[in-house]
Amino acid sequence: MQSFRFDLCELPKETESLRQEVRAFLAEELKDVPLTTRAQTWMSFDGEFSKKVGAKGWIGLTWPKKYGGHERTAFDRYVVLEEMLAAGAPVGAHWIADRQSGPLLLKFGTEEQRQTFLEPVTKGESYFCIGMSEPDSGSDLAATRTRAVKTDGGWIVNGTKLWTSGAQHAHVMIALFRTELNPDNRHGGLTQFLVDLKTPGINIRPITDLYGSQHFNEVVFEDVFVPDNRLVGTEGGGWAQVTAELSYERSGPERYLSSYLLLVELIRELQAQNKPGAEEEIGRLFAHMITLRQMSLSVAGMLEAGENPTLEASVVKDLGAVFEQDMPVIAHKLAGTPPSLSGGSDYQQVLGVLTQIAPSFSLRGGTKEILRGIIARGLGLR
Amino acid sequence: MNEFQTILTETIQRLLSDHVSRDLIIASEQGEWAQGLWDALEENGLTKVLVSEAGGGVGAQWSDAALLIKAAGEHGAPVPFGETIVAAWLLDQAGLPVPEGAITLLEGNRLSLTGEGDSLTLDGQVDGVPWARFSKHGVAVVPDADGKMQLCCISLEGVDLTPAMNIAREGRDNLTFSGVPVVASADYNPATVGFTLRHWGALIRSLQMGGALNRLLAQSVAYANERTQFGKPIGKFQAIQQQLSVLATQAAAAGVAANYAAQAVEKGNVSHEIAVAKVRADEAANIATSIAHQVHGAIGFTYEHTLHFATRRLWSWRAEYGAGCEWAAELGTQVLQNKPEALWPLVTQK
Chain A
0 MQSFRFDLCE LPKETESLRQ EVRAFLAEEL KDVPLTTRAQ TWMSFDGEFS KKVGAKGWIG
60 LTWPKKYGGH ERTAFDRYVV LEEMLAAGAP VGAHWIADRQ SGPLLLKFGT EEQRQTFLEP
120 VTKGESYFCI GMSEPDSGSD LAATRTRAVK TDGGWIVNGT KLWTSGAQHA HVMIALFRTE
180 LNPDNRHGGL TQFLVDLKTP GINIRPITDL YGSQHFNEVV FEDVFVPDNR LVGTEGGGWA
240 QVTAELSYER SGPERYLSSY LLLVELIREL QAQNKPGAEE EIGRLFAHMI TLRQMSLSVA
300 GMLEAGENPT LEASVVKDLG AVFEQDMPVI AHKLAGTPPS LSGGSDYQQV LGVLTQIAPS
360 FSLRGGTKEI LRGIIARGLG LR
Chain B
0 MNEFQTILTE TIQRLLSDHV SRDLIIASEQ GEWAQGLWDA LEENGLTKVL VSEAGGGVGA
60 QWSDAALLIK AAGEHGAPVP FGETIVAAWL LDQAGLPVPE GAITLLEGNR LSLTGEGDSL
120 TLDGQVDGVP WARFSKHGVA VVPDADGKMQ LCCISLEGVD LTPAMNIARE GRDNLTFSGV
180 PVVASADYNP ATVGFTLRHW GALIRSLQMG GALNRLLAQS VAYANERTQF GKPIGKFQAI
240 QQQLSVLATQ AAAAGVAANY AAQAVEKGNV SHEIAVAKVR ADEAANIATS IAHQVHGAIG
300 FTYEHTLHFA TRRLWSWRAE YGAGCEWAAE LGTQVLQNKP EALWPLVTQK
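Which chain is which? The protein sequence lines are A and B, in order. Just so it is clear: in the first sequence, position 304 is 303 by numbering that gives the first Met the number 0, and no numbers are missing. Just so it is clear: in the second sequence, position 122 is 121 by numbering that gives the first Met the number 0, and no numbers are missing.
So that you can see chain A by itself, here it is in the shape it has in the complex (with noise of 0.2 Å):
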């Protein structure tokens, strides 16, 4: 059995001051955003705010000087991020090259890919999205079916991604295509590309959610030309490559705090409703952000060491959907207050988002049931 490795991480104290720039920002920055976009912050693009970041120099904190990057440390980064999930900032433009675009092309891209897409993701001009899934490949990943073939000096590509999330907004698809059909192993002969999204033969839908938001997309290839030189890393090694970026994807604060604006107008209303009794579910959930900070913080502490901490992603990413999905339950039991689609106290419309949304918290990133199974392998089950 591997036992997990939570060491603890302090927050180095010199992080304080940034801490501060940041809330200040915010203060201004999001004075006028609807309480209903900062509810969905992560999920909310405003390319507007995503420059205004990038001129801070916010985005790509740790990456390289000489591709735009700061070259500060992961607990730079890290408050920041909290900063910015807390407040609700529309983060959506700019996150997902943040997180994990970029440190895949850190890793494995080559030097031209390098110089080419990290400098505008850092100033908040260009924005990425992940071609993971498709109409029958979801969970089981190794099912990937979007075909690329070789060709003169390229790889001509068909097939179907689905629920991309920001696909509609992105400019570049760091995407999974199949490069060779009967591997010999199941993980075998898949292939990360860099798909300008503007390339002739690609169709874009979104999709409208339940909530009524379109976050998610099909993304349709008709011979699709990509370039050699666009491949990342090596060919045929996709699957390594992709389970080495979801401990980025999977470990970062979005991961508990997605509900955390429903926490702040909630105690609002039991303090407005003037409601006894709520005392000790409000600190139970106290407890658990306190400890899955503590968590995110180890796991972000051995990303900075240059370790692979997969596992302890993944109980992180568990815990924190859970905590996060709960949250619009428990708000219900509190306070009973209806949800409101719109108008109504900033509470019932923050309800109303997050009631509606919370589904999706234990689906994107990697189902809780496919978490569950990475963790029951780590355990030495499967």
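Calculated directly from the structure, the hints in this document are not laboratory data. Treat each hint with caution, since some may be false.
[What the hints assert, rightly or not] Selected chain A positions facing chain B (Cβ under 10 Å, derived; list incomplete):
hint: 1; residue: E82
hint: 2; residue: K367
hint: 3; residue: R371
[Unchecked claim] One-sided and incomplete, this derived list gives chain A residues near chain B with beta-carbon spacing under 10 Å:
hint: 4; residue: S2
hint: 5; residue: F5
hint: 6; residue: L7
hint: 7; residue: R18
hint: 8; residue: V78
hint: 9; residue: E81
hint: 10; residue: E278
hint: 11; residue: R283
hint: 12; residue: F285
hint: 13; residue: M288
hint: 14; residue: L291
hint: 15; residue: L378
hint: 16; residue: G379
All C-beta atoms, glycine included, are put in the ideal place defined by N, C-alpha and C.
Use these hints to put chain B onto chain A, whose structure you have.
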């Protein structure tokens, strides 16, 4: 983990594996004192891990002590090990000598002091005192005539004791003090004002629970890998795998929360961390004990099997020194007393 902690972990794991057998725990449940285990802990200096070197101890840190107390919880060591570590730490910090033998915690608000200076005497009652029957001394924090909190060391010899046990059959005795002379006393450490023995007790139990949860996980995974039904180990079934994963995440969370609390004490800036640890350990115990028993089936429900040595301890410990619900209510009251906007600075203050 630093080198000292690696050595410490090896030492305590070897010592506990050697001594804390199924037979030893059963004997303890029937009223026997685990003298050999206790002697080994004392002889290795482990009970004085937090006592300064000048005071005859190891002079180690709280994160080191946390490893020991967790290990004791993991093995179900039926002795007041954590209690003695904390009592010795408090006495040494207050500049008082640390007596030999087990020292328990006299936690409660029904004690009073009479007299002054060197002639203080103790009156009142404390229930559920861990292993009082085998402890030579007890430590209490009691207000003096001026209302100033005094840390008192009391000899338990001859004190009126009614034996009682928690459901793990660990000694939790009821004591009555009438004019019992205080062996030594000093002002209660001002650095920890507001922190009562209930806090330190909750920290001990949270750490022990972290250890016991790891034991539950290891035992349950091992059982799922060896028990065969429908032609394969039950651990191959997704229904079981998903349950054990939940158990693992709960154990991990409780462990992190307890370590975080110990670290905060070590850094001298503890505030809500102990309450957080106890709330988290309590919830993890509720979920984990249920899963562990479900995975073990009927055999885990027998006295013969050792699973219940961990589960009955978790059911006892979750309610000792404040149940999760009580600590959660304290935390929640603090949160709800302030503006909603004050929550985030509180979460990120450290």
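Hint by hint, which ones does the structure fall short of? No hint contradicted; all consistent.
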